[in-house]
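Visitor: Sequence:
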Amino acid sequence: MVVIESQYFPPIEYFSLLKGQSDILIDTGEYFVKQTYRNRCHILTSNKTLSLSVPLQGVNKKIFTKDIKIDYSENWMKDHWKAIVSAYGRSPFFEYYQQYVYDLIHEQPELLLDLNSNILSFCLKVLNLDVNITYSKKYVDSTDEGFEDYRSLIHPKKGHLERNIYKSLPYTQTFGHNFVENLSILDLVFCCGPESRMHI
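Start counting the sequence shown at 98; every next residue gets the next number (our numbering).
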């Protein structure tokens with residue numbers, strides 16, 4: 098069974114990993130790791146690749162992923178949605194999925210894990226991936242027999258070409274002439290809609 102972390106609108110590579118599995122265990126008992134896809138994603142705007150980050154409480158000390166609370170003292174939801182509309186408002190399938198994505202961002206769950214879980218459920222439905230997702234109640238020891246540890250392997254600072262999980266299949270993106278690989282699943286879904294699964 099593959100063990101992986103929870104992510105915020107994960108990159109395409111994350112779903113390439115899930116596509117080949119029947120069972121996935123998401124570790125909620127790990128210590129939260131900053132500057133990862135756990136609370137951020139990358140989208141493509143007219144000027145550049147933009148990072149969207151969910152602000153969190155208490156991450157300057159060791160804290161378990163299952164206990165991480167979202168910081169709503171600033172209206173990050175408005176900023177994320179504005180950036181998504183600017184990036185994908187003209188994409189072919191934006192009108193089909195915009196309300197779902199808007200609702201996911203604005204639900205305001207207390208915990209990051211709940212936000213990411215809701216996002217993952219939505220993405221699996223859109224991609225038509227039949228994967229059994231379970232969540233650990235405590236830290237998963239990577240030395241336990243039967244587990245393949247992929248935690249923190251899919252990382253913003255580690256290029257996907259270093260791994261053998263995702264082989265890019267270019268599609269028409271909203272901006273630019275040069276294809277940008279392994280962006281957030283948002284990029285793929287808004288650009289390709291029902292055919293998204295073919296690209297993972």
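Bear in mind the hints are in silico, worked out from the structure with no lab data behind them.
It is possible that part of the hints are untrue.
Pairs of lysine-lysine, BS3-like flavour, derived with a Cα cap of 30 angstroms [what the hints assert, rightly or not]:
| # | residue 1 | residue 2 |
| --- | --- | --- |
| 1 | K159 | K145 |
| 2 | K131 | K254 |
| 3 | K175 | K131 |
| 4 | K145 | K234 |
| 5 | K222 | K158 |
| 6 | K158 | K235 |
Simulated restraints, written as ranges between beta carbons of each label pair [claimed, not checked]:
| # | residue 1 | residue 2 | range |
| --- | --- | --- | --- |
| 7 | E242 | Q205 | 17 to 25 angstroms |
| 8 | D227 | G273 | 30 to 38 angstroms |
| 9 | S183 | F244 | 35 to 43 angstroms |
| 10 | G243 | K179 | 40 to 48 angstroms |
It should be emphasised that the depicted structure is a prediction, and the values quoted were computed from it without experimental measurement.
Where a beta carbon is used, it is the ideal one built from N, C-alpha and C, also for glycine.
Visitor: With reference to the structure, classify each hint as holding or not holding.
Guide: Do the hints match the structure? See the list:
1. Simply put, K159 and K145 have alpha-carbon atoms about 33 angstroms apart, too far for the 30 angstroms limit, and the pair is violated.
2. Proximity of K131 to K254 is assessed by CA-CA distance (about 12 angstroms); at most 30 angstroms being required, the pair is judged to hold.
3. Restraint check for K175 and K131: satisfied, since their Cα atoms lie roughly 22 angstroms apart, inside the 30 angstroms limit.
4. Distance check on the hinted pair: K145 and K234 sit about 39 angstroms apart at the alpha-carbon level, beyond 30 angstroms; violated.
5. Our distance criterion of 30 angstroms between C-alpha atoms is broken by K222 and K158, whose separation comes to about 35 angstroms.
6. Proximity of K158 to K235 is assessed by CA-CA distance (about 18 angstroms); at most 30 angstroms being required, the pair is judged to hold.
7. With their beta carbons about 40 angstroms apart, E242 and Q205 fall outside the hinted range of 17 to 25 angstroms.
8. Roughly 33 angstroms separates the CB atoms of D227 and G273, a value that falls within the hinted 30 to 38 angstroms.
9. The hint said 35 to 43 angstroms for the Cβ distance between S183 and F244, and at roughly 41 angstroms that hint holds.
10. The hinted window of 40 to 48 angstroms between G243 and K179 holds, with their beta carbons roughly 44 angstroms apart.
Hint compliance for this structure: hints 1, 4, 5, 7 are not met, and every other hint is.
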